[in-house]
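Please build the complete structure, drawing on both the sequences and the hints.
There are 2 protein chains.
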Amino acid sequence: MIKVALDAMGGDNSPQEIVKGAVEALSKSAELSVILTGPKERIENELKQYTFDKSRLRIEDAPEVITLDESPVAAIQKKKDSSIVRGLMLLKTGEADAFLSAGSSGAVLAGGQLKIGRIKGVDRTPLATLIPTETTPSLLLDCGANVDAKPQWLLQFARMGQIYMSEVCGISNPSVKLVNIGLEEEKGNNLIKETKPLIEALPELNYQGYIESREIPHHGADVVVADAFTGNVILKLYEGVGSTLISAVRKGLMTDLRTKIGALLIKPALKKTLRRFGTEDNGGAPLLGLKGLVMKCHGNATHVEISNALLQCESFVKLGINDKISEALLKDKKIFEVNEN
Amino acid sequence: MIKVALDAMGGDNSPQEIVKGAVEALSKSAELSVILTGPKERIENELKQYTFDKSRLRIEDAPEVITLDESPVAAIQKKKDSSIVRGLMLLKTGEADAFLSAGSSGAVLAGGQLKIGRIKGVDRTPLATLIPTETTPSLLLDCGANVDAKPQWLLQFARMGQIYMSEVCGISNPSVKLVNIGLEEEKGNNLIKETKPLIEALPELNYQGYIESREIPHHGADVVVADAFTGNVILKLYEGVGSTLISAVRKGLMTDLRTKIGALLIKPALKKTLRRFGTEDNGGAPLLGLKGLVMKCHGNATHVEISNALLQCESFVKLGINDKISEALLKDKKIFEVNEN
Numbered sequence: 007m008i009k010v011a012l013d014a015m016g017g018d019n020s021p022q023e024i025v026k027g028a029v030e031a032l033s034k035s036a037e038l039s040v041i042l043t044g045p046k047e048r049i050e051n052e053l054k055q056y057t058f059d060k061s062r063l064r065i066e067d068a069p070e071v072i073t074l075d076e077s078p079v080a081a082i083q084k085k086k087d088s089s090i091v092r093g094l095m096l097l098k099t100g101e102a103d104a105f106l107s108a109g110s111s112g113a114v115l116a117g118g119q120l121k122i123g124r125i126k127g128v129d130r131t132p133l134a135t136l137i138p139t140e141t142t143p144s145l146l147l148d149c150g151a152n153v154d155a156k157p158q159w160l161l162q163f164a165r166m167g168q169i170y171m172s173e174v175c176g177i178s179n180p181s182v183k184l185v186n187i188g189l190e191e192e193k194g195n196n197l198i199k200e201t202k203p204l205i206e207a208l209p210e211l212n213y214q215g216y217i218e219s220r221e222i223p224h225h226g227a228d229v230v231v232a233d234a235f236t237g238n239v240i241l242k243l244y245e246g247v248g249s250t251l252i253s254a255v256r257k258g259l260m261t262d263l264r265t266k267i268g269a270l271l272i273k274p275a276l277k278k279t280l281r282r283f284g285t286e287d288n289g290g291a292p293l294l295g296l297k298g299l300v301m302k303c304h305g306n307a308t309h310v311e312i313s314n315a316l317l318q319c320e321s322f323v324k325l326g327i328n329d330k331i332s333e334a335l336l337k338d339k340k341i342f343e344v345n346e347n
Numbered sequence: 007m008i009k010v011a012l013d014a015m016g017g018d019n020s021p022q023e024i025v026k027g028a029v030e031a032l033s034k035s036a037e038l039s040v041i042l043t044g045p046k047e048r049i050e051n052e053l054k055q056y057t058f059d060k061s062r063l064r065i066e067d068a069p070e071v072i073t074l075d076e077s078p079v080a081a082i083q084k085k086k087d088s089s090i091v092r093g094l095m096l097l098k099t100g101e102a103d104a105f106l107s108a109g110s111s112g113a114v115l116a117g118g119q120l121k122i123g124r125i126k127g128v129d130r131t132p133l134a135t136l137i138p139t140e141t142t143p144s145l146l147l148d149c150g151a152n153v154d155a156k157p158q159w160l161l162q163f164a165r166m167g168q169i170y171m172s173e174v175c176g177i178s179n180p181s182v183k184l185v186n187i188g189l190e191e192e193k194g195n196n197l198i199k200e201t202k203p204l205i206e207a208l209p210e211l212n213y214q215g216y217i218e219s220r221e222i223p224h225h226g227a228d229v230v231v232a233d234a235f236t237g238n239v240i241l242k243l244y245e246g247v248g249s250t251l252i253s254a255v256r257k258g259l260m261t262d263l264r265t266k267i268g269a270l271l272i273k274p275a276l277k278k279t280l281r282r283f284g285t286e287d288n289g290g291a292p293l294l295g296l297k298g299l300v301m302k303c304h305g306n307a308t309h310v311e312i313s314n315a316l317l318q319c320e321s322f323v324k325l326g327i328n329d330k331i332s333e334a335l336l337k338d339k340k341i342f343e344v345n346e347n
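Protein chains in written order, with our numbering: chain A, 7 to 347; chain B, 7 to 347.
Be careful, since some hints might not be right.
Repeated chains share a single entry, so a pair holds when one copy, or any two copies, can fit it.
Said to hold, decoys possible - Calculated cross-link-like contacts (lysine-lysine; reagent style DSS-like; alpha-carbon spacing at most 27 Å):
hint : residue 1 : residue 2
1    : K84       : K98
2    : K121      : K324
3    : K273      : K257
4    : K126      : K257
5    : K202      : K156
I should point out that these hints are in silico values taken from the structure, not numbers from a laboratory.
If you're wondering where the values come from, they're calculated on a predicted model, not measured in any experiment.
Structural data, given as structure tokens:
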């Protein structure tokens, strides 16, 4: 049985969609068990409308809620009875194997890093997000956990990303590229220039060189590696350009009768295309390298995404991803130790 | 008379579109004079089909061409007779007031920085690009000239961007924001955290805080300031997400008869909307802070953009932007000297 602590109060549609997603996931997998964290009565009220296997769902009473406008670090330190901190403590004590939240990204990231230890071999824990491309999604990491990164961290992100894409997403020998502002040898900032020789020294990594941000939407690589500042800028600009363009197209289609009729005809096809480009459809984003698993869902997650993310947590734990990450990173470290001697 | 050296061999459509653009600009302004740099005979052949004021156009023979696959710095140092180096030398010696090229960005940037001196008060010269938004364009800088930036540089970029937007683009009291990965005080990397107090200390700057990349397409600010690595990632991702989404929409519209008819009806409106989001329509991107003016046009520039960019060079020089930049930056430096004493 895989136990996932689920923040019932996280996200725009909480607790309704979160609770519904939990019930749905339980019906889909018999090996999943969920601990909902949040105000007990409120969650019990939500649960009344559903039938589910009561032996696999319990509530951990957490009367406090961390809101989006709070300082993440301060909130984590102060609100011990919040749904996020309680969920993280369940993970820390081993009562849960994973913690999932659609709440404040900052609080989930900070909480994961402050409360949960790292697995052996891991120096920093990147946030890894699947982003839509022309073809299959690419994994972008780090999306916001570790700014002012060191070359060794990026190296580890590359390796963790490769393991995640191959083991969890089933991509065989995923290609790995490093975000840079040009493809020429001499291009890049100090971080990139120092990371390049390290990453090239790992024979097991399918490293294929630099990627310019322009190529990311064209699926330039399976795993796209960046420091958290760059990664977060990429992730949010993806959303920004996409939504602006879509709304401009929609507005443009409402200008006269001719385009209005045209718009009616293309509506379903357009919706389908644009849906494929939404960033929220690819489930949860894991904070890789922590003992246990901390996963973040988009703030506007519905029951569908919550249910998918719960099942994703289950696979992650079952597949023993953390053991594989730890093993690979310790092995990589030895390569550099040998090189140094 | 404002004299602009124009790289006749730069860009995908050279020399045809470049030469055509030069002739067009000459017909639009009587105070503009153009020096085309490139292989003399080839340009003369192109010019045969046009009538123009011969007293305001001459050719500077430059038989060599710097291609896109060459290392920019090496090419600038080696190819003294290239259209780019010759153009830059005309600027350096004062024979021209500005140099415009649609050729290799790397070579134009490196050449500008290596061959042309900075104006007084300027520590680094950012590449400033107008990017499309929901409303009017925003100025993004630095788009790729100075990686591993220092806080003082970002401060100068902010000021130069403000002057450019207000003087050249006519935006009164343009708002300035700093790209960050969150709006909270504690967010950001070291560079951003160190830049914030400096930028806040300048009373004349209409600084309005941080901007997340998501808000850039929604015209979150008139002037968007970033280090060159971040700025270049933003610029190229803008192009990448835009073009991918547009091609996906187009493909989606070709799936069946219904959508094909719809597509025909909306085609003109769609084209108009998407055109507004093209990055190439906003003329040239200046490398701010150099003695004289170095301006870069998009590689696929047509005669329309070349002509517009030539007229933009004329205004820039006529308005005395460099004097205004120098004056403002020297004044700003004094503020910090006073604070330090």
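A quick look at each hint next to the structure:
no.: 1; hint: K84 <-> K98; in the structure: within (18 Å within a copy, 61 Å between copies)
no.: 2; hint: K121 <-> K324; in the structure: within (23 Å within a copy, 60 Å between copies)
no.: 3; hint: K273 <-> K257; in the structure: both (13 Å within a copy, 14 Å between copies)
no.: 4; hint: K126 <-> K257; in the structure: neither (52 Å within a copy, 47 Å between copies)
no.: 5; hint: K202 <-> K156; in the structure: both (12 Å within a copy, 23 Å between copies)
Checked against the numbered hints given earlier, this structure breaks only hint 4.
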